[in-house]
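Participant: Keeping the supplied structure of chain A fixed, place chain B upon it in accordance with the hints.
If you read the sequences in order, they're chains A and B. For the first sequence, this note's numbering begins at 36 and goes up steadily by one. For the second sequence, this note's numbering begins at 36 and goes up steadily by one.
If you're looking for bench data, these hints aren't it; they were derived computationally from the structure.
Which copy? The list can't say, so a pair holds if one copy fits it or any two copies do.
Computed list of lysine-lysine pairs in DSSO-like fashion (alpha-carbon distance at most 27 Å, straight line): (1) Lys121 x Lys151; (2) Lys104 x Lys79; (3) Lys322 x Lys59; (4) Lys106 x Lys169; (5) Lys146 x Lys58; (6) Lys106 x Lys307; (7) Lys104 x Lys58; (8) Lys58 x Lys322; (9) Lys79 x Lys307; (10) Lys168 x Lys237; (11) Lys106 x Lys301.
Small disclaimer: the values here were computed from a predicted structure and weren't measured.
The lines below spell out each chain.
2 protein chains.
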Amino acid sequence: MGRWPDLVQIKEVGPRDGLQNEKKIISTADKVNWINMLSESGVKEIEYSSFVHPKWVPALSDAHEVGRKIKRKPGVKYSALVPNQKGLELALEAGIDGASVFMSASESHNKKNINKSIDETFPVLKEVIEEAKKAGKHVTGYVSTVFDCPYEGRIDPDEVIRVCDRLLEFGVDDLSLGDTIGTAVPSQVGQLLEPILKRYPKEKVIMHFHDTRGMAIANIMTSMDYGITRFDSSVGGLGGCPYAPGAAGNVATNDVLYLLHGLGVKTGIDEKKFQEAALYIQNKLGKVLPSKSLAYTTAQL
Amino acid sequence: MGRWPDLVQIKEVGPRDGLQNEKKIISTADKVNWINMLSESGVKEIEYSSFVHPKWVPALSDAHEVGRKIKRKPGVKYSALVPNQKGLELALEAGIDGASVFMSASESHNKKNINKSIDETFPVLKEVIEEAKKAGKHVTGYVSTVFDCPYEGRIDPDEVIRVCDRLLEFGVDDLSLGDTIGTAVPSQVGQLLEPILKRYPKEKVIMHFHDTRGMAIANIMTSMDYGITRFDSSVGGLGGCPYAPGAAGNVATNDVLYLLHGLGVKTGIDEKKFQEAALYIQNKLGKVLPSKSLAYTTAQL
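Same shape as in the complex, but just chain A:
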C-alpha cells in the first residue's frame, strides 16, 4: 500500500469534453461564470472550449467569446481543443495557454470522427503542432480509443504507440490517452501502460478515462500504481456517452477528488468550492449529473 503519488495534476475538461456531448446549450455568460468558479476552486488547468467548426459541435460555437470573457487567474492554464490550422488561429485570437490536438488509435474511429485515415491525419496535426509551438503554446496530443474501439474492438498497444510516436516527433509536449467508450478494466490499463512507460517518461502521459461502465476510479488507481500522476476529468461526470444517450461520460472530477483526497494525495483543489461549481452547472443543465459523490451531496441538500 501507499503506492500513490504525493501530488496529482487534474485537467478539468468539463467545459469542453463535458458540454460538447450535452444536448442543452449553456449560455456564454453561464459558461464564463462557471469556468471562473472552477479556477477559483483551485483547478490548475481547464480546457475551456473547442475550436472545432460550430457545425460539428454547436454547443461550443461561442468558444471565441468564452475565451475572451473568462477571468484569467494567474497560475491557471487555459487550453482549448483545436482540430486544424484554422481552429488554432481562432484559438490564438481568443487566448490560450495550451492547444489540444486529437486523433484516434483506431483507423475506423479516426475515419468516423475526423473523416480522414490515420495517415491522412498526421500532416494536418503536424502543421498545427508546429504552429502552436512556434506561438509558444503548450501542446497536448489526445489519442482516443486506446483500449477499445466501438467499430474494431480491442486495440493493440502497438497501434497506440504508432500514433504517440508520431505526435511526439511532431512536437507535442504530452499525450492524453483516452478510454473514449469507457470499456477498459484495470488489466487493460496495465497492458497498455507497461509498453508505454518503457518508451516515454511518465510525466508526458496523461490518462483520460470515461466512466461508462463504472470502472474509471479503479482504472485511475491502477494508473497510479504504474506511476501516472496526471488525469483528465469532468465536473460531475458531465458529458454523457455519444454512443448511448443517458449513460455516463467522462470520469467525474468530484469522484476523483474524493478518491485522491481520501488517499492523502494532494490536488490543490478545494473540494467544497469545486462542489459548488458542480452544483452550478447541474442546476443550469437541469438534470442530475452521473457523479455518485455529487449525487450524494445533492440528495442531502
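Facilitator: Structure of chain B alone, referenced to chain A:
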C-alpha cells in the same frame, strides 16, 4: 499485475439489502420471479429476504411467503437476515440454507440501528448463532460501519476486530465487513484488511461495499490485492442510501461482473441473463438503478 484470483464468489443481496431501502413495494409474485431469474443466471448465493419484524422493514414483510415460493435451484444457497430467535424460527420454517446475523462495529450506529449497545447485542446473537448452527445452517456475521460511522466518524480496526472475535467465538462461519455508508477509499480497505487477515483466514472474510461515493469497484480491486475472493453486491446497485435519498447504495453486481469478467476472473454467472434480471426489477421499480454498466445497457435498448 495479474494479482487477482481465478474465481470470485458473489452473494447477491439485492432482494434483501437492496429492496429494504426502496420505497416502492414489490409484489411477492414479482420477487419470486426475480429471485428465480437470479438463480437461473448462475448466482450461487442469494439473500432472499429479511426476518426482521415487518414494522421495521415493511418492504420485506412477505419474507415467509417468498421463502416458500421461490424455486430452489440445486447448488444455490438461499439465505436470509435474522435479527433474533423469533426471526430465526420464522426463517427456518420458510426454508434457509444460511442465516445472516448483524451488528455494528460502531457503538452509536449499533444503538441507532438495533436499539442495543454492542455488549447487549452479543448475547442475543450468541443464542441465534448457536441455534442456527444446531439446525445445521451456515451462519454469516454482518459487521456494519467497519470503516466510518455516520455518528462517530472513523472506526478503529481494533473495534472491528473486537466484534469479529466474539462472532467467531459464537460460531459464525464467516464475516461480512460492511462499508455501510459507502465512504471508504482503497487506503482504508488496506488499513483494515492488514490486521484482519493476520488474524483470520481470508476464506472467512467477505467484503460488503456500498457505492455511495463511487469508490466500490476500486475498493473491490484493493480487496483482491489483499487476497479477498468473496463479495456481497446488489442487482443494478439497488438499495439507495438510507442517509441520503437518491444516492447510490450497494455496489452493483452488474458493475462487479463487468470488472471481474474483464479481468478474466470467473464467477459462474451469465452476464446476459443477469442483465435481464436487473432490467426486470428496474422495470418493476419504475426507475433507473444506479449501476453505470446497467445504465449503459438500458440507454442502448
